[in-house]
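Visitor: Sequence:
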Amino acid sequence: MKPIRKSLSVAALAVALLATACGDSGETTATPQPVAPRVETLTAELTTVPNEVELPGRARAYAEAEIRPQVTGIIKERLFKEGDLVERGQALYQIDAAEYAADVRSAEASLARAQASSKVANETAARFAELAKINAVSQQEYDQAMASAQEAEADIALQRAALDRARIDLARTKISSPIEGRIGRSSVTQGALVTQNQTDALARVLQIDPIYVDLTVSSNRVLSVRQQIASGEVASSELNMTPVSIILNDGSIYPLQGTLEFSEVNVDESAGTIAVRANVPNPDGILLPGMFVRAKFVAGSYENVVTLPQSVVSRTPTGQASVMVLKEDNTVEQRLIKVEDFDGKSWIVLDGLEAGEEVVVSNLQSVQAGMTVNPVRANPQISAARETQSDLN
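Mapping of the sequence shown onto the working numbering: residues 1 to 393, in sequence order.
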């Protein structure tokens with residue numbers, strides 16, 4: 001059996017010889033070093049930021065009166081135009097008053113009769129008093145005369161009260177507005193029969209200058225704000241009489257500012273919300289009861305905090321906010337921070353970032369933790385423009 005011989009191809013032999021030649025010359029190929037990416041940074045600066053709160057709400061009438069008759073009768077005349085502004089005490093309806101005027105005259109006659117009877121009874125009691133001194137009448141007769149005089153006086157008071165009641169009913173035939181405001185449509189016309197204290201209102205008068213705006217805020221948010229105040233994150237302020245800006249449904253700002261009046265002391269169990277009320281001037285009647293609006297006001301302030309554009313802050317897989325911070329050796333560190341929404345474009349950094357630290361604001365897709373970068377100080381105006389453009393896109 002012949003021995004097996006190993007052979008090399010011409011190509012393999014050439015590669016081997018080339019490798020040997022290179023080894024003999026002592027020359028090696030250098031690996032190129034990666035270029036540090038260029039990034040822009042912003043310096044964290046402490047500032048005070050107002051704690052702006054924006055809440056949804058509805059406009060409510062400052063005062064509301066449902067007009068109802070207090071006597072029964074036929075509507076003789078309607079004395080207003082629907083939709084008009086009415087004054088307090090202005091007559092709105094006139095009920096046929098003939099029957100009530102007759103009751104007044106009858107009550108006046110009854111009072112006059114009672115007064116005449118009282119006069120006779122008093123004179124009789126006076127005579128019996130003199131006769132009783134000389135024993136010309138019995139004690140029983142004297143007592144009866146005095147009692148008759150007292151009964152006559154009581155009858156006068158009774159008839160006077162009846163007259164007052166008749167006059168009140170007569171005055172109530174003219175139905176007046178108890179408040180100043182704008183009156184709505186009338187539910188009755190001339191000739192309609194209305195009854196005393198009926199369920200259905202004849203009309204409604206709404207006072208809408210000023211007007212209330214009832215806002216709702218979740219109890220969880222109230223609890224969060226109180227915890228922030230207790231921890232010192234938010235500087236507290238008195239909410240009563242705080243200026244309020246109203247945002248209309250089309251996004252425009254109502255030209256007049258209102259003020260906060262009060263907040264409810266209990267939580268609505270069905271919705272888990274707390275009511276807050278604002279008082280808003282409304283001279284032109286732009287705000288109408290039932291209108292949906294939003295209100296913005298300042299509830300304290302964040303002191304000694306850092307603000308960052310929202311595009312700079314990213315989220316970890318667990319949902320925590322983080323930023324890229326430049327270290328002294330130009331390497332990048334991923335830093336977890338605690339943030340709060342500011343104005344829809346910026347974050348308020350409550351914890352995790354110190355004043356003077358440099359935050360990477362550009363080329364964030366290419367930068368990773370531990371990477372060496374080439375930092376350039378960012379122009380704040382350019383950064384703001386970039387943020388605005390990001391919002392538009």
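Warning: the hint list may mix true and false statements.
Computed list of lysine to aspartate or glutamate pairs in DMTMM-like fashion (alpha-carbon distance at most 25 Å, straight line) [what the hints assert, rightly or not]:
hint, residue 1, residue 2
1, 81, 261
2, 296, 209
3, 81, 64
4, 296, 200
5, 133, 143
6, 296, 84
7, 338, 328
Honestly, the hints are just simulated from the structure, not real lab data.
Visitor: Does residue 200 lie within 25 Å of residue 296 when you go C-alpha to C-alpha?
Guide: Answer violated: residue 296 to residue 200 is near 38 Å, above 25 Å.
Visitor: Checking one constraint from the list: CA of residue 296 to CA of residue 84, max 25 Å. Satisfied?
Guide: violated (32 Å)
Visitor: Within 25 Å, alpha carbon to alpha carbon, are residue 81 and residue 64?
Guide: holds (18 Å)
Visitor: Quickly compare the C-alpha distance for residue 338 and residue 328 to 25 Å and report which way the hint goes.
Guide: holds (23 Å)
Visitor: Just to be careful, I want the Cα atoms of residue 133 and residue 143 compared with a cutoff of 25 Å; is the pair within it?
Guide: It holds: about 13 Å lies between the C-alpha atoms, which stays within 25 Å.
Visitor: Take the C-alpha atoms of residue 81 and residue 261, compute the straight-line distance between them, and say whether it is at most 25 Å.
Guide: violated (34 Å)
Visitor: Compare the distance between the alpha carbons of residue 296 and residue 209 with 25 Å, and conclude whether the hinted pair is satisfied.
Guide: holds (20 Å)
In summary, the structure is inconsistent with hints 1, 4 and 6 from the numbered list given earlier, while agreeing with the others.
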